[in-house]
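Enquirer: Below are the chains, spelled out letter by letter.
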Amino acid sequence: MAEYVAIPKLGMAMMDAMLVEWRHKEGEQVNKGDIVLLIETEKTKWEVEANAPGFLHILVPEDTKANVGRVVGLIAQTKDELAALQKEPPKEMYTTAPVPSGAPQEAMAQPASAVTQAPAQSTERVKISPVARKMAEEAMMDITTVRGTGPDGRIVREDIERAITEKATRKEAFKPAPIAATTPSGQVIDFKRVKQTIPLKSTRRAIAEHMHRSLQVAAQLTNMGEIDMSEIVRIREGFVAQEKTIGVRISYTDILVCAICKAIKANPVINSSLIENNIILWEDINIGVAVAVGEGAESGLIVPVVRNADKKSLVELSQEIKALTEKARTGKLLPDDVSGGTFTLTNLGAVGGGYGFGTPIINQPQAAILASGAISDRAVVRSGQIVIRPILTYSFTYDHRVIDGAPAARFTMHLAQLLENPAMMLL
Amino acid sequence: MRQIPYVMAINEAFAEEMARNDKIFIIGEDVQAGTFRATTGLVKRFGPDRVMDTPLSETVVAGAALGASMCGYHPVADFMFADFMWCAADEIFLKTAKWHFIHGGKVQVPIVLFGNIGGGARVGPEHSQCPESVVWHTPGLKLVVPSCAGDAKGLLKTALRDPNPVVYFYHKRLLGLPGDVPDGEYTIPFGVADVKKEGKDVTVIATSYMVQHALAVAKELEGKISVEVVDPRTLEPFDIDTIVKSVQKTGRVVIADEDTKRCGVTGEIAMQIMEKAFDSLDAPIQRVAAANLPIAGGYMEQYVLPGPKDILAAIEAVAKK
Chain A
1 MAEYVAIPKL GMAMMDAMLV EWRHKEGEQV NKGDIVLLIE TEKTKWEVEA
51 NAPGFLHILV PEDTKANVGR VVGLIAQTKD ELAALQKEPP KEMYTTAPVP
101 SGAPQEAMAQ PASAVTQAPA QSTERVKISP VARKMAEEAM MDITTVRGTG
151 PDGRIVREDI ERAITEKATR KEAFKPAPIA ATTPSGQVID FKRVKQTIPL
201 KSTRRAIAEH MHRSLQVAAQ LTNMGEIDMS EIVRIREGFV AQEKTIGVRI
251 SYTDILVCAI CKAIKANPVI NSSLIENNII LWEDINIGVA VAVGEGAESG
301 LIVPVVRNAD KKSLVELSQE IKALTEKART GKLLPDDVSG GTFTLTNLGA
351 VGGGYGFGTP IINQPQAAIL ASGAISDRAV VRSGQIVIRP ILTYSFTYDH
401 RVIDGAPAAR FTMHLAQLLE NPAMMLL
Chain B
1 MRQIPYVMAI NEAFAEEMAR NDKIFIIGED VQAGTFRATT GLVKRFGPDR
51 VMDTPLSETV VAGAALGASM CGYHPVADFM FADFMWCAAD EIFLKTAKWH
101 FIHGGKVQVP IVLFGNIGGG ARVGPEHSQC PESVVWHTPG LKLVVPSCAG
151 DAKGLLKTAL RDPNPVVYFY HKRLLGLPGD VPDGEYTIPF GVADVKKEGK
201 DVTVIATSYM VQHALAVAKE LEGKISVEVV DPRTLEPFDI DTIVKSVQKT
251 GRVVIADEDT KRCGVTGEIA MQIMEKAFDS LDAPIQRVAA ANLPIAGGYM
301 EQYVLPGPKD ILAAIEAVAK K
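As you go down the protein sequences, you meet chains A and B in turn.
Its first residue numbered 1, the first sequence is counted upward by one per residue in the working numbering.
Its first residue numbered 1, the second sequence is counted upward by one per residue in the working numbering.
Careful: at least some of the hints might be erroneous.
To be verified - Simulated DEER-style distance windows between Cβ atoms: (1) A/Gln77 with B/Met274: 27 to 37 Å; (2) A/Met424 with B/Ser226: 34 to 44 Å; (3) A/Asp16 with B/Pro178: 55 to 65 Å; (4) A/Pro53 with B/Asp279: 28 to 38 Å; (5) A/Lys65 with B/Thr187: 55 to 65 Å; (6) B/Asp279 with A/Leu314: 38 to 48 Å; (7) B/Asp162 with A/Lys65: 57 to 67 Å; (8) B/Gln272 with A/Ala84: 40 to 50 Å; (9) A/Val315 with B/Glu220: 30 to 40 Å; (10) A/Asp404 with B/Glu222: 29 to 39 Å.
No lab work stands behind these hints, which were simulated from the structure alone.
We put the beta carbon where it would ideally sit given N, CA and C, even for glycine.
Take these sequences, add in the hints, and give me the full structure.
Expert: So, in structure tokens, the structure goes:
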């Protein structure tokens with residue numbers, strides 16, 4: 001009987017994954033433990049290994065989305081079995097792992113394979129606790145590769161949690177798929193010479209799809225403005241001077257997140273989602289902080305989420321944003337780290353964007369996003385005099401299906417008030 | 001909140017319910033004096049017809065109570081030591097437990113079968129048992145095992161209003177233990193377990209006196225192992241849901257009960273957890289119970305009875321990384 005290659009459940013919120021790349025071709029011989037498939041969930045990648053040696057039969061092609069538990073490939077034990085499988089018409093199958101609602105009942109009735117159980121070929125029974133076994137099944141993890149730390153080497157819950165994290169953070173798992181120049185440099189297409197061809201894969205494809213879909217589904221418009229940061233600059237310089245005492249270097253991003261939370265609390269409609277026929281106002285304020293990762297052709301964007309940001313002190317926010325940014329840059333984010341955002345901040349000032357405005361695109365299904373530029377000295381008029389002040393530019397995109405102009409203006413005005421008179425933040 | 005000893009809370013429950021319902025009477029050996037003070041003083045207030053001393057015959061106590069219950073009374077059959085319920089096994093297990101069913105539901109037998117349980121008083125094998133498992137095993141009997149003064153009062157009042165036979169076991173070592181008892185009227189429903197202390201690493205399910213041991217051990221382990229102590233309070237009906245919820249949180253379970261380990265309460269609870277929460281277990285369940293021996297006399301009893309050290313060892317074993 002052929003072994004399954006299936007989509008593992010890697011996080012509580014994970015529903016599906018994109019098949020980025022089959023690392024082996026149809027019919028190719030694979031060994032147990034070989035990486036056969038690279039998948040991408042939200043914005044994290046994962047390598048799916050072969051559970052047994054044999055010959056790979058691909059059921060679901062690359063660049064397709066598949067639900068958790070779906071069998072996307074089979075590993076035949078023999079060439080004859082492979083030939084038989086190749087003749088069968090492809091059908092949608094699931095493992096015994098929980099199948100998201102909407103999956104065909106018929107598919108769930110398919111016989112379970114040994115893939116999620118202790119490997120049959122192993123002569124020694126693996127000692128593992130029931131809860132650890134269930135978690136390993138859901139993550140489709142080969143328990144023979146997990147080191148148990150319980151009594152007599154029993155695999156316990158902690159061991160599975162650690163194994164999932166370790167695998168997700170393994171460096172090679174995050175090397176982008178090799179960029180194959182399908183169109184050689186120098187070739188001419190429609191009077192234009194090709195410099196480089198980058199396949200639309202992995203993170204790049206995810207960003208392309210998310211951004212395009214956002215513009216398709218929402219009625220987005222952008223308000224722009226300037227905020228006088230004199231007071232914040234002074235305060236922040238004070239924080240930096242006290243870095244040793246505070247224990248962390250407070251950044252403008254941290255202060256912006258803090259102020260945004262307070263402005264959202266006063267304007268709850270900003271923190272909402274239009275889902276089917278309801279506008280849902282979220283109780284939790286979870287702020288996504290956009291992080292640019294990679295360079296050149298491999299560049300991308302990840303938005304880790306600071307949960308319950310409104311309940312955290314400035315120091316806690318600073319520590320958490322730094323930790324998430326570091327995880328993002330080193331490719332260690334897990335699916336849960338990028339889930340559940342209710343509002344997004346993209347601080348282009350942090351990457352050197354100057355005095356300028358833009359039209360940021362909403363991170364669906366949120367209702368608004370704020371882009372901030374760098375703080376730069378500008379000539380402004382105060383009490384009839386031209387003076388020089390440190391000015392922050394902002395561009396606030398909101399979904400007019402949910403938020404009208406007036407509430408949007410109230411939000412940005414509130415934000416400006418907080419930043420221009422930081423004492424207000426104490427209230 | 002006011003604090004009164006466990007046995008005084010029991011005495012108070014009797015007084016309140018006897019004043020409320022004149023069909024309630026207590027029958028047993030030396031109940032007018034009250035060997036453990038559970039019924040002391042009641043005869044003065046309610047008279048010898050309602051606090052009735054009998055000869056040394058448990059058969060009489062149980063048989064008279066059964067007959068009276070069928071005539072519309074709500075008797076309390078006090079066996080002094082629960083161990084001696086066995087002398088009236090026919091009346092209790094064959095008749096009291098079954099007659100409601102035998103008579104097609106037409107007959108009710110509202111009796112509180114009242115007995116003192118537990119070791120620790122060095123009174124030998126016939127006066128030290130916790131005979132819970134045999135009662136729990138018998139369909140038709142409810143079983144209450146309070147661990148503190150507040151529960152003892154609230155649960156006894158519920159027992160005295162229940163139309164079924166209820167076995168009420170109170171523990172020797174808890175008699176003088178003061179505990180919070182609310183002023184005024186209150187009852188505690190059967191079948192609702194109480195999380196006596198919240199924790200996240202290990203669930204200790206304990207009954208009766210073992211609850212107090214478990215709480216002491218949990219306190220000792222604070223900062224090292226976070227122990228949740230769950231007291232079922234009644235074994236029949238049994239609140240498995242609260243226990244399952246706790247097990248889902250911790251994944252690690254110790255069950256502590258003073259009855260004999262073999263075929264005991266701990267085994268039944270462990271099996272129910274396996275049936276309902278197997279996929280949440282992260283380690284084999286540990287049992288703490290009396291050794292499979294008669295409770296030894298005198299100082300030797302400590303080698304048979306379970307204690308805090310056993311609970312501590314079990315928690316450490318189950319939490320072992």
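Enquirer: Look at each hint and say if it fits the structure.
Expert: Hints, one by one, checked against the model:
A/Gln77 and B/Met274 have their C-beta atoms about 36 Å apart, which keeps the hinted 27 to 37 Å range intact. A/Met424 and B/Ser226 have their C-beta atoms about 41 Å apart, which keeps the hinted 34 to 44 Å range intact. As the Cβ distance of A/Asp16 to B/Pro178 is approximately 59 Å, the hint placing it in 55 to 65 Å holds. For the pair A/Pro53 and B/Asp279, the supplied restraint of 28 to 38 Å holds, since their beta-carbon distance comes to about 30 Å.
The hinted window of 55 to 65 Å between A/Lys65 and B/Thr187 holds, with their beta carbons roughly 57 Å apart. Our hint of 38 to 48 Å for B/Asp279 and A/Leu314 holds, since their Cβ atoms are close to 42 Å apart. Range check, B/Asp162 to A/Lys65: Cβ separation about 58 Å, and the 57 to 67 Å hint holds. In this structure, B/Gln272 and A/Ala84 meet the distance hint of 40 to 50 Å, their C-beta atoms being roughly 47 Å apart.
Look at A/Val315 against B/Glu220: about 35 Å separates their beta carbons, and that is inside 30 to 40 Å. Between A/Asp404 and B/Glu222 the beta carbons are some 54 Å apart, a value that contradicts the proposed interval 29 to 39 Å.
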